[in-house]
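Make the full structure from the sequences, and use the hints.
The primary structure of each chain is shown beneath.
Protein chains: 2
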Amino acid sequence: MLKLATDQNAEQKRSTARRIEQALMEEIAVGELIPGQRLDEVGLAERFGASRTPVREALSRLTAQGVLVSGEKRGVFVAKYTREELSQIFEAMHEIEAACARIAATRLNLLTRSEIETAQSACMTAAESGDRTAYLRANEAFHMAIYNATGNPYMAEIALEFRRRTGPFRAKKFADKEDLIASAQNHQELIDDIFSEDSATASKSMRDHMTLSFMQALKAN
Amino acid sequence: MLKLATDQNAEQKRSTARRIEQALMEEIAVGELIPGQRLDEVGLAERFGASRTPVREALSRLTAQGVLVSGEKRGVFVAKYTREELSQIFEAMHEIEAACARIAATRLNLLTRSEIETAQSACMTAAESGDRTAYLRANEAFHMAIYNATGNPYMAEIALEFRRRTGPFRAKKFADKEDLIASAQNHQELIDDIFSEDSATASKSMRDHMTLSFMQALKAN
DNA sequence: GATTACTATTTTGTATACAATTTAAAAAGT
DNA sequence: ACTTTTTAAATTGTATACAAAATAGTAATC
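Just so you know, the protein sequences line up as chains A and F, in that order.
The opening position of the first sequence corresponds to residue 1 in our numbering, with each subsequent residue numbered one higher.
The opening position of the second sequence corresponds to residue 1 in our numbering, with each subsequent residue numbered one higher.
Take the hints with a grain of salt, since some may be wrong.
What follows is a list of derived Cβ distance ranges for each label pair [claimed, not checked]:
hint, chain 1, residue 1, chain 2, residue 2, range
1, A, L111, F, T211, 40 to 50 Å
2, A, R113, F, R47, 47 to 57 Å
3, F, N221, A, P153, 13 to 23 Å
4, F, E189, A, R47, 25 to 35 Å
5, F, V42, A, S87, 40 to 50 Å
6, A, T53, F, R14, 45 to 55 Å
7, A, T16, F, N221, 35 to 45 Å
Where chain A lies over chain F, by a calculated footprint (3+ residues, C-beta under 8 Å) [as the list claims (entries may be wrong)]:
hint, stretch
8, 152 to 158
9, 172 to 186
Hint data in this document are derived by calculation from the structure and do not stem from the laboratory.
Keep in mind the model is a prediction, meaning the values are calculated, not measured.
Heads up, the beta-carbon is just placed ideally off N, CA and C, and yes, glycines get one too.
Written as structure tokens, this is what we have:
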């Protein structure tokens with residue numbers, strides 16, 4: 001199971017409700033749970049060997065974050081978006097990511113630089129070996145590194161939130177090795193612009209990166 | 001009780017848990033519940049004439065949104081920020097609001113224009129009569145109108161989320177009539193720039209507005 | 001045969017109960 | 001007087017139970 005960079009491995013400590021929340025979040029991010037799919041409370045309860053109460057809490061929190069939606073019918077569902085909605089979400093994500101790049105460009109230091117570079121070389125390695133899962137993980141780490149470089153956890157939080165919401169849709173677009181390599185090369189240009197420490201350039205470059213990413217995602221969905 | 005523009009008046013329909021959630025959100029936004037204050041589950045339960053279960057759900061959702069935090073000690077608390085954290089939150093809010101203004105400037109239509117203008121005249125009226133509560137409400141409506149003008153509900157959602165989180169801190173800064181009038185006049189300049197339909201200008205103007213807002217908030221907290 | 005009405009079953013929301021922690025308080029010892 | 005230990009109280013997390021609502025399925029009527 002893919003492990004996002006967010007959850008520190010203090011996994012055994014949390015409450016059942018939190019564990020279920022995290023587990024579902026990951027499954028959605030990775031695409032095991034597909035958009036539009038219904039999540040059954042009792043089903044999840046017995047699957048996780050718990051009662052409905054913690055399941056309910058997990059679902060409630062996830063809907064509050066917009067990862068799940070409690071539609072017109074009963075039950076909660078993995079958020080599913082029309083192309084129009086997807087376009088809006090990506091527009092918003094655009095803006096957030098661009099803002100992150102802009103801020104990061106002005107606050108770079110040795111540590112954050114190296115973290116971004118490390119993540120990027122992991123992306124390159126994964127891309128060249130054509131390992132899709134590894135690339136997805138490395139890609140997450142790369143963007144996380146940029147978020148961290150902003151030095152602003154709140155900015156990072158919303159960026160991450162959008163990343164989670166769009167996870168299932170972005171995942172699809174990496175069909176073959178060429179897609180991975182193209183994405184990784186795109187990263188490289190972005191890095192150069194962020195490292196130039198010119199916020200306007202960094203912002204524009206991220207914008208371009210995200211536009212490309214969106215176009216591909218839209219094609220694949 | 002102040003009624004934010006978000007909750008349509010279908011108030012009797014929702015579940016107890018949602019009503020509690022909304023009620024607490026409003027109380028926090030208005031400043032009845034002050035940052036750092038502890039929210040007692042059983043206390044809230046009997047206050048709302050319900051059991052702990054729906055209260056728990058409400059609190060859980062609010063912490064998922066970052067309005068409440070479940071600190072080191074037990075219990076959940078109204079989010080309280082250091083000046084450093086506050087600065088970061090406002091920085092993020094800056095970026096979001098600026099992005100909203102930028103998008104809104106490119107998508108204005110007759111309806112959204114008039115909604116913004118209506119909200120602004122309500123602000124002016126409230127400011128001139130020195131009605132603080134009315135101004136707070138009108139101010140919310142004004143910013144909501146801009147969010148709506150983006151035509152992007154997801155953008156609007158995160159903007160609103162930040163607005164809720166910073167509510168208690170922004171509320172404090174409106175001490176006397178002069179503050180209200182200054183804020184309303186500031187709105188007017190912002191409107192002019194958004195209505196110029198030049199996204200760069202609109203974005204910069206919003207940035208200035210938010211910077212001013214932040215400086216005042218920081219002084220008051 | 002299609003539509004309406006009714007019944008049954010699932011599902012949700014809330015309440016209550018209980019066990020496991022954690023904080024606070026009291027008591028004992030140094 | 002100040003720790004340390006023990007005990008008590010409060011609080012959290014989870015389980016179970018139940019009532020209300022919603023969907024689906026079946027029967028009945030036109």
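Cross-check of the supplied hints:
1. For the pair L111(A) and T211(F), the beta carbons lie near 28 Å from each other, so the given range of 40 to 50 Å is not met.
2. About 52 Å separates the C-beta atoms of R113(A) and R47(F), a value consistent with the hinted range of 47 to 57 Å.
3. A hinted range of 13 to 23 Å holds for the C-beta pair N221(F) and P153(A), which are about 19 Å apart.
4. Taking 25 to 35 Å as the suggested C-beta distance range, the pair E189(F) and R47(A) does not conform, at roughly 56 Å.
5. For V42(F) paired with S87(A), a C-beta distance near 46 Å keeps the hint of 40 to 50 Å intact.
6. A hinted range of 45 to 55 Å is violated for the C-beta pair T53(A) and R14(F), which are about 20 Å apart.
7. At roughly 37 Å, the beta-carbon separation of T16(A) and N221(F) lies within the given 35 to 45 Å, and the hint holds.
8. By the rule of at least three residues with a Cβ nearer than 8 Å to a Cβ of chain A, the coverage given for the stretch 152 to 158 of chain F holds, with 6 such residues.
9. For the stretch 172 to 186 of chain F, the assignment as covered by chain A is violated, since 0 residues bring a beta-carbon within under 8 Å of that chain's beta-carbons and 3 are needed.
Of the hints listed earlier, those the structure fails to meet are numbers 1, 4, 6 and 9, in rising order.
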